[in-house]
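**Student:** Here is what each chain is made of, one letter per residue.
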Amino acid sequence: MSHVWLPFWPKNAAYSASLVDAIDIAEFCLILLILCFVFGMMLLFCLRYRRGSGIPRHEPNVKSWHWEIGWTSATLVAFLVLFVFGAKAYLFLYKPPAHHQLELYVVGKQWMWKVQHPGGQREIDAVHLPVNRVVKVILASQDVIHSFYVPAFRLKHDVVPGQFETFWFEPDRTGSYPLECSEFCGVEHAHMIGTVTVMSDAGYAQWLADQGATRSLAQQGFALFRRYGCSGCHDPASTVHAPSLDGLFGSVVHLADGRTTVADERYVRDCILIPATQRVAGYPPVMPSFQGQLSEEDLVRILAYVKSLSAGPPQ
Amino acid sequence: MFSGRLQEQYTDVTQQAETAQLGMWVFIATEVMFFGALIFSYVISRAAYPEQFRLAGHDTFILLGSINQALLITSSLTMVLAVRAAKADQQRALVLLLAATAALGLTFLGVKGYEYAQDAAAHSVPVIDYIFKPGEQRPTEIFWCFYFIATGLHAIHLSVGIVLVLMLLVRAAQGAFSPEYDAPLEVIGLYWSFVDTVWFFLFACIYPLGRAGP
Amino acid sequence: MSAADISMAAAVPPSYLGEAHTLSSWLFTRDHKRIAILFFISITFFFFIGGFAAALIRLQLLNPAGTLLQPEVYNRIFTMHGIVMVWFFLIPSIPATLGNFLLPLQIGARDLAFPRLNLFSWYLFTFSGLWAIYFIFIGGVDTGWTFYEPYSSNFAHGHVIAAAVAVFINGFSTIATALNFVVSTHRLRAPGMTWFRLPLFVWAIYATSIVMLLATPVLAMTLALVAIERFWGVGIFNPALGGDPILFQHMFWFYSHPAVYIMVLPAMGVVSELVACFSRRPIFGYTGMCYALISIAIIGFFVWGHHMFTAGISLTSAVFFSLMSFIVAVPSAIKVFNWTATLHNARISFDAPMLYALGFVGLFTIGGLTGLVLATLSADIHLQDTYFVIAHFHFIMVGGTVSAYFGGLHYWWPKITGKRYPEMWARYAAILTFVGFNFTFLPQFILGYLGMPRRYYTYAPDLQTWNVLSSAGASILAVAYVLPLIYLTWSIFHGKRAGPNPWGATGLEWRTSSPPPKHNFPRTPLVTEMPYRYDPRDGSYITQDGLRCGEADV
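Protein chains in written order, with this note's numbering: chain A, 1 to 315; chain B, 1001 to 1214; chain C, 2001 to 2554.
These are computed hints drawn from the structure, not numbers from a lab. Be aware that one or more of the hints could be misleading.
Stated by the list, open to error - Distance condition first, Cα-Cα at most 20 Å in a straight line; then the derived EDC-like pairs of lysine to aspartate or glutamate:
#, chain 1, residue 1, chain 2, residue 2
1, A, K136, A, D264
2, A, K11, C, D2462
3, A, K11, A, D264
4, A, K109, A, D264
5, B, K1112, B, E1180
6, C, K2419, C, E2072
7, A, K63, C, D2462
8, A, K63, C, D2535
9, A, K109, C, E2072
10, A, K88, A, E27
11, B, K1087, B, E1180
12, A, K11, A, D24
Keep in mind the model is a prediction, meaning the values are calculated, not measured.
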């Protein structure tokens, strides 16, 4: 059903948009049906049973249970069907993808979107993407809550300070589409807009090359890793007993209080900012906190570096 | 005030008394939601930073907290006995018990004030005078925020209760209460028990931390 | 009027309006009817302030290059619109005016349980409202009525703490009123007035009051924590200091979702009264309607997460909240079906209150069904924080609650003031409201689907047509709201005198004079009948205290 033109309909540039549209259109049709029914009944009764009409009335019945149970059950069933379709689609749209071909980091700050490609290419208020590729986006906020919204994909995700949010999409049509912030974030909230440009693979590769030779995100992260002294403890040659970062990302970590956790984006972030809450079993609690010293963009670079030390998904 | 006069919207004094009681119960329900919201946010924060909260809780003064617990439970007892005294027309006992309730409440506030002074001396006052102890990071300050907000709010509610009990005391000394008219005692007694109950929950949240097992 | 009505009118003491005329007799009154009037005055004032803000918003949005308001000012205007309309108009509107006036009358009591508390509630309300407006005018707040963290504690310029304090104090007013209503309904019903003989308006006010009592304290604590955080720089919700901004959202919406039921349940109660009276037949499924009201009140406490589907909450909790959001729609649907069924085998007259009531049913149904779209998880990802949401809640709150409020005002106007309003003008206003409303908000569904986010002072040029349509509708709506201000005021001085029961209605409030005396009834009523004992065959009716009457000479 994708890419059929409908009047007053927004552009459709991803499979997610087709999925959301299909459910929405079905829902709108159902709603229209219900409205026609209810309004039709109301109009009919208002005309037929208006005060001056000669229609004979009978004594109003007080036993109404069979009607009420009937329309209550029908309503409940209809609503549950809508719920199930919507929930299934939501789980598909929001669950992290098993595989992705591209990983982008987006930092939202008042009032711009800063996008970082894994090769180190950076853009502001713009996102260039290859078509038909699953793109995983990691969102971070420098200040307040923003929301990364691409109407043409029918997708948005809030960008919450203090944590990484992840979501994904797969554009299936080339073109330019608006990007908007949809969580009020201050004076220029309405101007925190940009453009998502979906290009062919070749076009995207060309665009990347045109950005000039830059260090990859992981390389930039490594530079920060050394500048802030992380390698002083975490380097294999260090005398300090600190957990090794090789293969860390994605592995299971045993914490000092007995819990286990997966070393995902959130874990890496918490280790850097509030290490006291992520004490690893068997290691002394000596890691200092870097809260307030690293910007979200720096955190994202260091995260990319840590990920590069694992056998992560192909870039 | 507390005259026992029948108001126009009631048919008899019993209806007036029962309505006042229901009103107090409903009010207490709103207060449960109020403190409940605070305790909820405390529980969530504690679940996010269990180690840090344990570290912070270790610095609370459990002896003072426990003394206060004992004071307040005793004051609830004296309040209940005061209501009983009114029903049994024991005027002198009524006055003494109300005075004891107020005194115990005031003592609680005194101990609390002393505890706040100790907290300040230990530099546990967030933002104003806070020093991180070894191993502590930001979340410990959140614990202390809750400590001051919760105990501060409780102290305000207790102060209101003390004022009400003193008002009852004045009227009791004037012989206003009898087995036929004890509604204000019951209603304010209910409020007093509520303030006591809140303290139970606050005590449980604040003091045992860092002293029990994991 | 029947002979019984005339003899009753001759025997009564002076009305509550006439029994004293000094300012202090108003400012220190304990009479629930006078307090209702005091609330009415304050609420009308706040309504027009909030409406003025809405007018500015729609004027700004006529043009994507709109320069009527600077962004900073625009943000403060929409914040003011939200805060004033939600807390100082919608939440108190029906309960504090119609509820205060009618609850004791409908249950056959002489006043509410705690009259002084009632007066105190008005002082708290008016004081906090004026406080809010003062701070808005000397610089304002720009966080939106939702005060999201960490923007509100750490980034917003403006009087955030003052605004939070205003809402906090207003919360006490809400709680005081609700406490009064709950306790009065339990304890002060007239002999024979059992629970299932109560008018649906009383049930609705009761259900609303339960929600007010349990939800408002949570808001109070949440805003108190925000104020503490902003003032002292501590980090309960602020992530830079170790806090959790999503915790704020959970706590805020735990109150604010039930709050929307606070806003709509009383309206449903009013509509039931109007539909029954002007259809001249009992409400279809009275018991089901009672249970529906209570169900909405209870289930409404378990749906708050649907405001956070895109905020990063766990998928499991999102699924739970979506399911509950669909379930809470079922009792509302039952009510719509029951109102429609009440029109069957009826004897309908289309006086202004009925026009408003029918408008409510239509607009509420549209609003409710679009709520289903938002409850649908996949749709919400796209539509959250867009104009679709704005259209949805305005359909319910404005198309719904405000219509019902106006309908109730017109219906009970003769009882409250003793005067009749001009019927033709009222019908014009009702129709104009319906037309203007649809023009204003239907285009906003389209704007939302096309991706226009909320709280934007500018937008993509291709969306201008819909915005212009919406603003044009708003101008019609403005006229429709100003009209009643004019003719209702006129009617106080020049309207025809009203008898005790101009509509031929069955409630106890119609068994006393218009306006009622200070203590409501010459003798305590004895209730023997169910409510809404109207007979559509000839329009006759039996009042709740057993008086049989022919069709009213309206």
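**Student:** Hint by hint, note whether the structure agrees.
**Tutor:** Each hint, compared with the structure:
no.: 1; hint: K136(A) <-> D264(A); result: 14 Å, holds
no.: 2; hint: K11(A) <-> D2462(C); result: 13 Å, holds
no.: 3; hint: K11(A) <-> D264(A); result: 34 Å, violated
no.: 4; hint: K109(A) <-> D264(A); result: 23 Å, violated
no.: 5; hint: K1112(B) <-> E1180(B); result: 38 Å, violated
no.: 6; hint: K2419(C) <-> E2072(C); result: 46 Å, violated
no.: 7; hint: K63(A) <-> D2462(C); result: 55 Å, violated
no.: 8; hint: K63(A) <-> D2535(C); result: 16 Å, holds
no.: 9; hint: K109(A) <-> E2072(C); result: 18 Å, holds
no.: 10; hint: K88(A) <-> E27(A); result: 15 Å, holds
no.: 11; hint: K1087(B) <-> E1180(B); result: 8 Å, holds
no.: 12; hint: K11(A) <-> D24(A); result: 15 Å, holds
The earlier numbered hints that this structure contradicts are 3, 4, 5, 6 and 7.
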